[in-house]
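Novice: Sequence:
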Amino acid sequence: MKVGVIGPGAWGRNMLRVIQESRRAEIALLCDRNDATLAEMAPRSPQARATAAYEAVLASP
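Counted the way this note's numbering counts, the sequence shown spans residues 128 to 188.
Accuracy of the hints is not assured; some may be wrong.
Claimed, not checked - Calculated cross-link-like contacts (lysine to aspartate or glutamate; reagent style DMTMM-like; alpha-carbon spacing at most 20 Å):
| # | residue 1 | residue 2 |
| --- | --- | --- |
| 1 | Lys-129 | Glu-153 |
| 2 | Lys-129 | Glu-148 |
| 3 | Lys-129 | Glu-182 |
Because the hints were derived from the structure by calculation, they are not lab data.
Please read these numbers as outputs of a predicted model, since none were measured by experiment.
Kindly produce the complete structure, drawing on both the sequences and the hints.
Specialist: Following this line, the structure appears as structure tokens:
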């Protein structure tokens, strides 16, 4: 299952870790309007596309 995470702030950090530990899910998209947060989180999921537009996450299959 591919997962898009919108707003990976304090809770998002834990969510990213849990998803990455899962063998059944893959983080496909990361979204945050805060550029600093997105820049911090993106390297934790290098396979994921990073964007500031939540619409891109919702529109992704």
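Novice: With the threshold set at 20 Å, check whether the alpha-carbon distance from Lys-129 to Glu-153 stays at or below it.
Specialist: holds, 5 Å
Novice: Are Lys-129 and Glu-148 close enough, with their CA atoms no more than 20 Å apart?
Specialist: holds, 14 Å
Novice: For a C-alpha distance cap of 20 Å, please report whether Lys-129 and Glu-182 respect it.
Specialist: Holds, at about 16 Å.
In this structure, every one of the numbered hints holds.
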